[in-house]
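K.L.:
Each chain is listed here by its residues.
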Amino acid sequence: MTAQDVELPIVSNEDVVRVRQLVRAVAAEAGMSLVDQTKIVTAASELARNTFVHGGGGSARVESVVNARGRAGVRLVVTDNGPGIPDIDKALTEGWTSGSGLGLGLPGARRLADEFELDTKAGEGTTVTVTKWIR
Amino acid sequence: MSDGAGKAHLPELLRSGREAVLDRWLEVVLEGVRGRITERELKAELTELYALIERAVAGGDEEAGRELRAALAEISRSRARQGFSPSETAVSVFAVKQALLEQVSATADMQAYAEFIEFSSWVDDLGLVTFETYASAREQVIADQMEQLLELSTPVVKLWDGILGVPLVGTLDSARTQVVMETLLERLVETGAQFAVIDITGVPAVDTEVAQHLLKTVMAARLMGTDCVISGVRPQIAQTIVALGIEFGDIATKASLADALAYALECSGIQVTGRTEA
Ligand SMILES: Nc1ncnc2c1ncn2[C@@H]1O[C@H](COP(=O)(O)OP(=O)(O)OP(=O)(O)O)[C@@H](O)[C@H]1O
Ligand SMILES: [Mg+2]
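Protein chains in written order, with this note's numbering: chain A, -5 to 129; chain B, 53 to 330.
For reference, chain A alone in the conformation it holds in the complex:
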């Protein structure tokens, strides 16, 4: 299913930038439009920073994927073993933040991607998967 998988650690602000650059490279390589590249890169930025800031660090995997109908896309899986998100509905509400952010990152990433999956358990960690298909 995957062409190339790359996994990056997210333990610093520089790592967030690195994830962003990798997603940009994979999306450009897959032939994604500039607008969609910017969308998935921005989603990656939000998720990677959440992992670093709220999840206490983790890792990101970037893969280029093809669905059953032969459509190509880019998938990003961001994982941490942090505190998890106790109330998913709240976290996905625009403007809700437990810190000092704008509270727009998570709901924004969901809107920027074509597919969004949030898997979290209090005390165990959080995994967010986003996919953007090429139009």
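In case anyone wonders, no lab produced these hints; they're calculated from the structure. Glycine is no exception: its CB is placed at the ideal position from the N, C-alpha and C atoms. A few of these clues could be false.
Over the 12 Å line for every Cβ pair with chain B, so calculated as not near, a few chain A residues [what the hints assert, rightly or not]:
(1) ASP30
(2) GLY97
(3) ASP113
(4) THR121
These stretches of chain B come out as covered by chain A in the derived footprint (C-beta under 8 Å, 3 or more residues) [stated by the list, open to error]:
(5) 251 to 261
(6) 280 to 293
(7) 300 to 307
Guided by the hints, dock chain B with the ligands onto chain A, whose structure is given.
P.N.:
For chain B with the ligands alone, kept in the frame of chain A given last:
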């Protein structure tokens, strides 16, 4: 270095073979540095090192060992700044072994051989000194460059009387935003500018963090009586900002720097008209 059991041979060999060893050493090192340092400079360096090595190997001169290390550290630092690689730097030291070994072989003196082995591992230690100094000097160079880059990439330019321009390029992290904000506010005090155009054409993506930094900068400028216009909002950036739900409120945003300048001029009551031929 001498073990007291009879007179050591190596110090004598270093003394009598001084010219030959130095010449050969110079030859080997010169090959590696190819023009980045003159033969005369290099000869002066190696001659100094050689004299210190002679003193240290003769024994009973602890001062010589310390001076030798200090001299090596100094040379490594300047090599690091001149852009030599770590191995090129270390070779300058290791090459003395090759040069001396050729002398030892020529004499076929077994005791000198035995002493050479000890000498060799002593030189290896010296090589490590150069490596360590080289590495920390390189780190310093990189840290300096990063700092320069941080300052270089956040210039505040005057676009017009009372209108400042702040072109942002690259990743806008907290450290950079801090520098941008400080530089901008300082210039606002100096110039009393009424408008500042923050141009984000060179920023590849605007996420919530970048947006928050921008908003804070605009608010701070506003408190000082300056209105900010954000320019360089390209279509892909506009769409992402909308999807993220970021509100810029009443902050003016423009697609291009030219649009922003025209807007600021208009707000300042300055009219720019083309010359009409009669
Ligand atoms: N990986 C994570 N681990 C634990 N909690 C998380 C994680 N990701 C998000 N959260 C929680 O969800 C909330 C909302 O996240 P969201 O990204 O929308 O806002 P934010 O990070 O607080 O601010 P910003 O707008 O700057 O992103 C966070 O404040 C945090 O409490
Ligand atoms: Mg966030």
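K.L.:
Once the closest CB in chain B is found, is it more than 12 Å from ASP113/A?
P.N.:
Nearest chain B Cβ is 22 Å from ASP113/A, so the label holds.
K.L.:
Count the residues of the stretch 280 to 293 of chain B whose Cβ falls closer than 8 Å to any Cβ of chain A, and tell me whether that reaches three.
P.N.:
Coverage by chain A holds here, the residue count being 5 at a Cβ distance below 8 Å.
K.L.:
Can the stretch 300 to 307 of chain B be counted as covered by chain A under the rule of three residues or more with Cβ-Cβ separation shorter than 8 Å?
P.N.:
violated (count 0)
K.L.:
Is it the case that THR121/A keeps its Cβ farther than 12 Å from each residue Cβ in chain B?
P.N.:
20 Å, holds
K.L.:
Is ASP30/A truly not at the interface, in the sense that its beta carbon sits beyond 12 Å from all beta carbons of chain B?
P.N.:
8 Å, violated
K.L.:
At a Cβ distance under 8 Å, does chain A reach at least three residues of the stretch 251 to 261 of chain B?
P.N.:
Held - the stretch 251 to 261 of chain B has 6 residues with a Cβ nearer than 8 Å to chain A, which meets the minimum of three.
K.L.:
Beyond 12 Å on every Cβ pair: is that true for GLY97/A relative to chain B?
P.N.:
Incorrect as stated: the minimum Cβ-Cβ distance to chain B is 8 Å, not above 12 Å.
Checked against the numbered hints above, the structure violates hints 1, 2 and 7; every other hint is satisfied.
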